[in-house]
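Visitor: These are the residues of each chain, in order.
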Amino acid sequence: MDWLISLRWSPYVVGAGIGILSWFTLLISKKPIGCSTSFARTAGMIEKAVRGPQVELKPYYQKTKPVIDWQWMLVLGVIIGSFLSSILSGAFDLRWVPSLWATTFGSAAIPRLIVALLGGVIIGFGSRWAGGCTSGHGISGAMQLAVSSWVSAISFFIGGIIAAYLIFGVIG
Amino acid sequence: MKTEKSQLLWGLAFGVVFGFLLQKGGATEYDVIIGQLLLEDFTVLKIMLSAVLVGTIGIHLMKGLGWVRISPKTGSWGQNAIGGLIFGVGFAVLGYCPGTIAGAVGNGYLDAAIGGLAGIILGSGLLAAVYPRLSTGILRKGYFGDITFPQLLKVNDWVIIVPLCTVIVLLFYVLERAGL
Chain A
68 MDWLISLRWS PYVVGAGIGI LSWFTLLISK KPIGCSTSFA RTAGMIEKAV RGPQVELKPY
128 YQKTKPVIDW QWMLVLGVII GSFLSSILSG AFDLRWVPSL WATTFGSAAI PRLIVALLGG
188 VIIGFGSRWA GGCTSGHGIS GAMQLAVSSW VSAISFFIGG IIAAYLIFGV IG
Chain B
44 MKTEKSQLLW GLAFGVVFGF LLQKGGATEY DVIIGQLLLE DFTVLKIMLS AVLVGTIGIH
104 LMKGLGWVRI SPKTGSWGQN AIGGLIFGVG FAVLGYCPGT IAGAVGNGYL DAAIGGLAGI
164 ILGSGLLAAV YPRLSTGILR KGYFGDITFP QLLKVNDWVI IVPLCTVIVL LFYVLERAGL
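First to last, the protein sequences are chains A and B. Take 68 as the starting number for the first sequence in the numbering used here and just add one per residue. Take 44 as the starting number for the second sequence in the numbering used here and just add one per residue.
If we strip away everything but chain A, and leave its shape as in the complex, we get (with noise of 0.2 angstroms):
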């Protein structure tokens, strides 16, 4: 049982495994795997807690209904598996600064905090803007050979190579 608590595996291992779990979203729950929908749940699930009921009236939560579904669970599972490898491997470790960012721009905790909040922001707005994300679109929306996912993880890493260069090239 090492490969259940070393360190890393092949990403085409890993890959392979998410294709091969992704059959099985389909077959048992007929739903594609995804994440950023729940996000969006949340937000409304915490609006309608702070704001009242009325909330579920805005156009969006009435076709992204603020509630616990599949998906949702599927997300908490996300955290739970990582949690779980990363006990077994001893990799889990509670971390302020990622290493790369520390090297950057130093290992201040609150700079780095702020930038992932700006950052969650812009990609929170850009996930539902999209209608997906990495997952959504990325993975399972590219297998189904949908021109929206294709088009949207072009951009995903289009976007994506820019800003980083901006940042770790330009300001750090």
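Certain hints may be false.
Listing some non-contacts, in silico: residues in chain A with all C-beta distances to chain B over 10 angstroms [said to hold, decoys possible]:
{"#": "1", "residue": "Met68"}
{"#": "2", "residue": "Asp69"}
{"#": "3", "residue": "Ala116"}
{"#": "4", "residue": "Gly119"}
{"#": "5", "residue": "Pro120"}
{"#": "6", "residue": "Gln121"}
{"#": "7", "residue": "Gly173"}
{"#": "8", "residue": "Val237"}
Straight line, CA to CA, 27 angstroms or less: simulated DSS-like cross-link-like pairs of lysine-lysine [claimed, not checked]:
{"#": "9", "chain 1": "A", "residue 1": "Lys125", "chain 2": "B", "residue 2": "Lys106"}
{"#": "10", "chain 1": "A", "residue 1": "Lys125", "chain 2": "A", "residue 2": "Lys115"}
{"#": "11", "chain 1": "A", "residue 1": "Lys125", "chain 2": "B", "residue 2": "Lys184"}
{"#": "12", "chain 1": "A", "residue 1": "Lys115", "chain 2": "A", "residue 2": "Lys130"}
{"#": "13", "chain 1": "A", "residue 1": "Lys132", "chain 2": "B", "residue 2": "Lys184"}
{"#": "14", "chain 1": "B", "residue 1": "Lys197", "chain 2": "A", "residue 2": "Lys132"}
{"#": "15", "chain 1": "A", "residue 1": "Lys132", "chain 2": "A", "residue 2": "Lys98"}
{"#": "16", "chain 1": "A", "residue 1": "Lys115", "chain 2": "B", "residue 2": "Lys197"}
{"#": "17", "chain 1": "A", "residue 1": "Lys98", "chain 2": "B", "residue 2": "Lys48"}
{"#": "18", "chain 1": "B", "residue 1": "Lys197", "chain 2": "B", "residue 2": "Lys184"}
{"#": "19", "chain 1": "B", "residue 1": "Lys106", "chain 2": "A", "residue 2": "Lys97"}
{"#": "20", "chain 1": "A", "residue 1": "Lys97", "chain 2": "A", "residue 2": "Lys130"}
{"#": "21", "chain 1": "A", "residue 1": "Lys98", "chain 2": "A", "residue 2": "Lys130"}
{"#": "22", "chain 1": "A", "residue 1": "Lys130", "chain 2": "B", "residue 2": "Lys197"}
{"#": "23", "chain 1": "B", "residue 1": "Lys106", "chain 2": "B", "residue 2": "Lys197"}
{"#": "24", "chain 1": "B", "residue 1": "Lys48", "chain 2": "A", "residue 2": "Lys97"}
{"#": "25", "chain 1": "A", "residue 1": "Lys97", "chain 2": "B", "residue 2": "Lys197"}
{"#": "26", "chain 1": "A", "residue 1": "Lys115", "chain 2": "B", "residue 2": "Lys184"}
{"#": "27", "chain 1": "A", "residue 1": "Lys125", "chain 2": "A", "residue 2": "Lys98"}
{"#": "28", "chain 1": "A", "residue 1": "Lys97", "chain 2": "A", "residue 2": "Lys132"}
{"#": "29", "chain 1": "A", "residue 1": "Lys115", "chain 2": "A", "residue 2": "Lys132"}
{"#": "30", "chain 1": "B", "residue 1": "Lys106", "chain 2": "A", "residue 2": "Lys115"}
Don't read these hints as lab results, they were simulated from the structure. Ideal Cβ positions, reconstructed from N, Cα and C, are used throughout, including at glycine.
Once you have looked at the hints, place chain B on chain A.
Guide: Same frame as chain A, now just chain B:
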């Protein structure tokens, strides 16, 4: 939109496997994701394209057998290209995506759990707030619907799948040869 309890449990179980795989693949690491965007570490692309390779073949075989139905998302240039570019900027600033951030939280990473997670929820809520204005404007620009490449080119699915999978395998070969 009521989901059966058993399906919620299936979702949770599938998620545990997904998260386990993402963590073992290194996709929960900021350094791995930024390394991909800086074109220095191709782990993320290898994971995604291996999943697409295996997934595409499997789901289209099952579709041919009538076991599953696929449900391509509708889209438009205004939605997918513009939204995708915004997503990309966030991807580089955050260093995680909506799926891998859940994995990063499980991995113990506090920049993901405290900064990024709150940001994604906030950003999703912001989009919901401006959605009525976008949905009648830019999200409709260049609308192409839920079309797939085989439908667009009016060919059998496998006319697309075989070349696509060949290109993916060739790309893996090139990456390995280049030591990336």
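Visitor: Hint by hint, work out which the structure violates, then give me just those numbers in ascending order.
Guide: Of the numbered hints, 9, 14, 16, 22, 26 and 30 do not hold.
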